[in-house]
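Student: Listed here are the chains, written in short residue letters.
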Amino acid sequence: MSPSEVIAAPEGQRETFVLNLGPQHPATHGVLRLKLTMDGEFIVRAEPVCGYIHRMHEKMAENRSYAQFLPNTSRIDYLSAMTYTHAFVGAVERAAKLEVPPRAEFIRVITSELNRISSHLVWLGAYLLDLGGFTPLLYAFDDREKILDLLEGVTGARLTYCYYRFGGVCNDVDEAFTRGTKEFVAYMRPRLDMYRALVTDNIILRKRLVGIAPISAETCRKYGATGPVIRGSGVAYDVRRREPYSAYPLFDFEVPNFPEGDCMARYLVRMEEMAQSLRIIEQAVDRLPEGPVMATAVPRVLKLPAGDVAYAVEAARGRFMVHIVSDNKEIPYRVKLRTPSLSNLSLFEEASQGLVLPDAVALLGSLDLVIPDIDR
Amino acid sequence: MNPDSPQAHEESAAASAGQPGGNGASGPSVLVGPPALDQHTPLLALLEQGLASEQGGSSVEAPALAGKAVDFASRGYHVEMTVAPERVVLAAQLMDSSGFALDTITGVDWLAEGQMELLYDYFHPESPTRVLVRCRVPRAAPEAPTISAVFPGANWHERETHEFLGIRFQGHPNLTPFLLPEDADYHPLRKDYAA
Amino acid sequence: MSALAAIQIGEPLRLVLFLLGIMAFVGFNAAYLVWAERKGAGRFQRRVGPSEVGYAGLLQPIADAVKLLTKQVLVPPGADATLFRAAPILVIAPALISLAVIPFGPALAARDLNVGLIMIFAFGSVNVMALMLGGWSSRNKYAIISAARVVSQNVAYEIPMLLVVVTMLLVTGTMSLTKIVEDQAGGFWHWNLFRLAANPLMPLTFLTFYICMLAETNRAPFDMAEAESELVAGAYTEYAGMGFGVFFMGEYANILLGCSLATVLFLGGWQCPFGLLPGVFWFLVKLYLLVFSVIWVRWTFPRTQFYGLLNLSWKILIPLSLGTLVLSAAMIKLLGR
Amino acid sequence: MEAQVECSQIVKFAVLDELLALGRANSLWPLTFGLACCAIEMMAAGASRFDLSRFGAEVFRPSPRQADVMIVAGTINKKMAEAVKTLYDQMLEPKWVIAMGNCAISGGPFVFPGQYAVVEGVDKLFPVDVVIPGCPPRPEALIEGILKLEEKLTGKRRWPRVPPQ
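Chains as they are written, first to last, in our numbering: chain G, 1 to 376; chain U, 1 to 195; chain S, 1 to 337; chain R, 1 to 165.
By construction, these hints were calculated from the structure, which means they are not laboratory data.
Note that this is a predicted model, so its numbers are computed, not measured.
With a Cα cut of at most 20 Å, we get these calculated DMTMM-like pairs of lysine to aspartate or glutamate:
1) K141/S <-> D39/G
2) K146/G <-> D174/G
3) K152/R <-> E52/S
4) K222/G <-> D96/U
5) K182/G <-> D142/G
Bound-form chain G, shown alone:
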């Protein structure tokens, strides 16, 4: 029976079995559990079960001062830690009306974009691993190590940087960083062409990705999916363009989007985004202004005015929004972390109807999920 007949078949006639793409499985890259009701190799119904790595970030935010919550922000989605800290810091600055000096804004843009490229490189390696190709993972990690060296030189950490502060960044960027970034941009461009030649144009990869699991723009909107998922379905939605923050309006970059909406479109969006991030970094490093990196009048004990404040950023996986409800105390009353992976995964159930197991794994990889990002 083809999957459509299976789904149409009345309840009694189907002999389906439940397969657990369990909490520990190479394809889930973390502890996501997919309860797949399957007929043979076709998926009749997929039900994601989350919560296996729930780490109570929102509960912790309610008994920590704003500054104490900063390390948590880079452990929600540890692959784009910079952009997540940027959102929390931005929300507090927006509420407390703190002015960030231009040099700090530029440094934030450079480090966020470097973090986006390193996150896309991890995605590229892990995605090819899901499709059975082992070698690209090592090449992608090799390039990523160069970014980690740059960021480690400035922030001291490889993965969970806690680099931004309210009103700027904690220490200035030295000449080695700017020179290293320029060298990295020059090094990375031919590498992207190599990935296009070796991986993107590989006939087996194209057969595995083209036309698999198409997702319409309407489905993305209904489920609130953002980032490369909605850009792969033809909608050029990018928070850096829609709600310009930090210094992004001053840079010229394009928002790549592909109308097909299949796994290949989402793949190409991320590959193209790496090239765009390189452009942003190049412009930002060239026009890096001089001056202080920390705002001067930052109160020791930060009290936000009562009411709500929201701040959204374009993280590697999509729109990350921090919504702080404060009651004029130094501890926030409620902090809501709107994470992109949760919304991106929520459309998996609808998009994976009738897929074969390998295609479901390809779809799961194309959504680029970080499981602690879902469970928070």
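Following the hints, put chains U, S and R in place on chain G, whose structure we already have.
Tutor: This is chains U, S and R only, laid out in the frame that chain G set:
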């Protein structure tokens, strides 16, 4: 590939200061207060007109959907609507019809006032407008209708708000705990939650 | 070579010596092909590969073997014990037996059967059943899915392989592998690969044979038996310790068998490319070049989609091999052998 | 405790045991079991720059049956606890556990009064052999952890310990 050409940045780095535009249409304008930013006027007008037609359609008198414009620079959203619990689905349908997408559902436990608050954030894939819909429910028996029929994405947000704060969503297809273990009966994010 | 033939030793003793030699050859190769694969993978992936265990990691296979040998032996609860234990044996035994027919050197064939080719393929289909037994009997959902895939994949790729072998039968006229190699004497232009008189599409036939051999041994882009990223560890999920070790040895033994068959049929077995002094050395050089290409293919290509794999065989390879069969029959009819 | 004498202490084949320990130490196959941030550092350790494969440990086996060492890289959640326990039970003797990162050691940054979801340390579930502090620990620390495990097995340290200047 048709890269979206960089729009003219009509906004400088800091969002432009709100300047009071003309008041909305004459009739029973539900939207009190001027729209904050000029480029949202077309959308706000649509909202008003949408609300007016809804308003006209249903026979309820009180302005259940009192929306007011907010200064984006200090709040991060443009329009804020305070809604009675039973009008939540109406607000969601309105948002859906004008192309919005559900951002997230936040539950806040106002222990002192004996109330719980639901914040529905909406963003729009094509336009920069951000809308926040507020809804207050009594803390004793927190109930709210589900909007998962309109936005399937809300299914998980509602399950999560239910398990963390105990707000029941009527009509929700599967209101079991989402992040906590299946048999969890405690609501950790309530202010009076003792471990 | 003649000195070797001069020694008159009893037939059974000679056979026992040969079989011991073959088992040693397979055992040694299985261990050090794993080392070669990990070193090769390291080279392809810009890393060093095992280098700390003995000089350049040469003791690594021994360490792996010792560890696998001393693992706890376990038959998972509810699994069918006899089939579970029989599966690994049934994977490696056919490969060992089939290697008895391969002519490694001029007089170095354990048993020169005149139906050598059929015997190899008779045993070739046993390891399909073995993998299915292993997958089914370990009572694990992933193993069952993988077993079902392995059966349909091997059935799909057995047919074009046999058709290619029948074409070679027509071209060479004999089934005895030693005669096949003997009439490829002289320079490399005498090899069957370049025997365009009999079949102008001979390189294409060799490519078909190579692809089918990859699919038969569940390697590289067709590794459905151990589709690591989808089916956890595929048919080997429940196997541990030496059970898993023997499966691995079986896989490498089958690669050896496939590559040596390709060498004998197409690349002129132990013939020297320049017709000088034929010997075992040439056979091993060609064998290990083919084995290296198998390793190379594994680390460069992602896995094909399962239905793409079946389409490739049913819709492309089978018509192609049928076409070459008819073509070579016609050519032989017109031009004579 | 000495009343219950371990029988293996009585009968000891010196050379054979040493050989077995050496064989096991040099081919530790880790279980792909990445939970959170430490998993990325584990992948980086397996990648080209830090290269776990030098010690024969780069074969990351997805199935617990074929793995020797379970590297617990990340936070253990109460909902995940019994799944981790099942995985540990499915692994075959001889097996070892490396607790990588503060979360696996003691719950790490997610331990605060009134926390309801994190198991504070893997040793609450099963015995741990090597502990690697850090949040996340650097790939070199993971390699040092594996060397420490090898030292625990064979009694000899592969590379001389460099005294901190």
